[in-house]
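Colleague: In case you want the letters, here they are:
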Amino acid sequence: DAKTTQPPSMDCAEGRAANLPCNHSTISGNEYVYWYRQIHSQGPQYIIHGLKNNETNEMASLIITEDRKSSTLILPHATLRDTAVYYCIVFPPLYNFNKFYFGSGTKLNVKP
Amino acid sequence: ETGVTQTPRHLVMGMTNKKSLKCEQHLGHNAMYWYKQSAKKPLELMFVYSLEERVENNSVPSRFSPECPNSSHLFLHLHTLQPEDSALYLCASSQGAGAQETQYFGPGTRLLVL
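Respectively, the protein sequence lines represent chains A and B. The numbering of the first sequence is my numbering, which starts it at 1 and goes up by one. The numbering of the second sequence is my numbering, which starts it at 113 and goes up by one.
Mixed in with the good hints there might be a few duds.
[Unchecked claim] Pairwise CB distance ranges, derived in the manner of DEER restraints:
id, chain 1, residue 1, chain 2, residue 2, range
1, B, P120, A, Q45, 20 to 30 Å
2, B, S174, A, G29, 22 to 32 Å
3, B, N169, A, T72, 32 to 42 Å
4, B, L224, A, G29, 20 to 30 Å
5, B, V124, A, D67, 41 to 51 Å
6, A, S104, B, R166, 21 to 31 Å
7, A, I39, B, T119, 15 to 25 Å
[Claimed, not checked] Restricting the straight-line Cα-Cα distance to at most 30 Å, the calculated cross-link-like pairs of lysine-lysine (BS3-like) are:
id, chain 1, residue 1, chain 2, residue 2
8, B, K153, A, K111
9, B, K153, A, K3
10, A, K69, B, K148
11, A, K69, B, K153
[Said to hold, decoys possible] Chain B is nowhere near these chain A residues, computed Cβ spacing over 10 Å in every case:
id, residue
12, T5
13, D11
14, A13
15, N19
16, N23
17, T26
18, S28
19, E58
20, A60
21, S61
22, E66
23, D67
24, K69
25, S70
26, I74
27, R81
To be clear, the hints were calculated from the coordinates, so they are not data collected in a lab. Since the structure is predicted, the reported quantities are computational estimates derived from the model, not experimental observations. Built from N, CA and C at the ideal position, the CB exists for glycine as well.
Pulled out of the complex, with its shape left as it was, chain A reads as follows:
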């Protein structure tokens, strides 16, 4: 089962791009990479997901390396409200919930 490795914490200046890395070297070909974030004491919030291609939405961009062993979440203009724990998750297909693993995430601190 593909686990993920993320740095425990990162700092980012307000207004600058935040680049959050994730390693998933054992990912399988049919497993998606998802990113969620959790602001203190709230439920996790979906950000973005992808399989092979880079993805962009109104919140963020997801860059997946060609070998799919790592990815980077990019918040283009971080604000103080982006301070949160960011989880990179590899989801197996269908009902393999025994492999459903959120991990410890990266605590992003956006500073004025």
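Use these hints to put chain B onto chain A, whose structure you have.
Modeller: Relative to the frame of chain A, chain B by itself:
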């Protein structure tokens, strides 16, 4: 607002009490989930329901009893809990029950067992 609501937001109970957590989703989804988040531990999946049928029970003690009367509502009945059960309990929903479905989370119920 994610379209998933949970009540109560905070709950304090003794070890001999019986209480229930409620979750409601207004998204027209077919799958609902219960998670537990203890302090300084990763999010743990507890139960998964798809079309009101339980499809996953992740080795959860029997003192936690889920109920899904319809696709919009999910309950977690609690009885004879232990202090180590104190945690944030999160409900989520998704369109389908596949592990790759995007999940939408509620705000959680903060539970303290004395």
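Colleague: Determine for every hint whether it applies to the structure shown.
Modeller: Going through the hints against the structure:
Judged by the Cβ atoms, the range 20 to 30 Å given for B/P120 and A/Q45 holds: they are separated by roughly 21 Å. The hint said 22 to 32 Å for the Cβ distance between B/S174 and A/G29, and at roughly 38 Å that hint is violated. For B/N169 and A/T72, the Cβ-Cβ distance of about 36 Å falls inside the hinted range of 32 to 42 Å, so the restraint holds. Our hint of 20 to 30 Å for B/L224 and A/G29 is violated, since their Cβ atoms are close to 44 Å apart.
Between B/V124 and A/D67 the beta carbons are some 50 Å apart, a value that agrees with the proposed interval 41 to 51 Å. Distance hint for A/S104 and B/R166: a CB-CB separation of about 28 Å, consistent with the stated range 21 to 31 Å. Checked against the hint of 15 to 25 Å, the pair A/I39 and B/T119 passes, with Cβ atoms roughly 20 Å apart. Straight-line distance between C-alpha atoms of B/K153 and A/K111 comes to about 25 Å, which keeps the hinted pair within the 30 Å bound.
Only pairs whose Cα atoms come within 30 Å are accepted, and B/K153 paired with A/K3 is accepted, the gap being roughly 15 Å. Annotation: proposed proximity of A/K69 to B/K148 holds, straight-line Cα distance about 29 Å (limit 30 Å). A C-alpha spacing of about 25 Å is found between A/K69 and B/K153, which places the hinted pair at or below 30 Å, so the restraint holds. A/T5, annotated as away from the interface, keeps every beta carbon of chain B farther than 10 Å; the closest lies near 13 Å.
The Cβ of A/D11 sits about 21 Å from the closest Cβ of chain B, beyond the 10 Å cut-off, so the non-interface label holds. For A/A13, the condition that its CB be more than 10 Å from all CB atoms of chain B holds, with the nearest at approximately 27 Å. At roughly 23 Å from the closest C-beta of chain B, the C-beta of A/N19 stays outside 10 Å, upholding its exclusion from the interface. The beta carbon of A/N23 sits about 16 Å from the closest Cβ of chain B, which is more than 10 Å, so the claim that it is off the interface holds.
Chain B leaves A/T26 outside its interface by the beta-carbon criterion, the shortest separation being 16 Å against a cut-off of 10 Å. Every beta carbon of chain B lies more than 10 Å from that of A/S28, the smallest distance being close to 12 Å; the non-interface claim holds. For A/E58, the shortest C-beta to C-beta distance to chain B comes to about 15 Å, beyond the 10 Å cut-off, and the non-interface label holds. Under the 10 Å C-beta cut-off, the non-interface status given to A/A60 relative to chain B holds; the minimum distance is some 14 Å.
Distance check for A/S61 against chain B: the nearest CB is about 17 Å away, which clears 10 Å, and the non-interface claim stands. The claim that A/E66 lies off the interface holds: its Cβ sits roughly 21 Å from the closest Cβ of chain B, which is beyond the 10 Å cut-off. Every beta carbon of chain B lies more than 10 Å from that of A/D67, the smallest distance being close to 20 Å; the non-interface claim holds. Distance check on A/K69: its Cβ is at least 19 Å (rounded) from any Cβ of chain B, clearing the 10 Å threshold; non-interface status holds.
Here A/S70 stays apart from chain B, with its beta-carbon at least about 19 Å from theirs, past the 10 Å limit. The beta carbon of A/I74 sits about 19 Å from the closest Cβ of chain B, which is more than 10 Å, so the claim that it is off the interface holds. Here A/R81 stays apart from chain B, with its beta-carbon at least about 15 Å from theirs, past the 10 Å limit.
In terms of the numbered hints stated before, the structure departs from hints 2 and 4, listed from lowest to highest.
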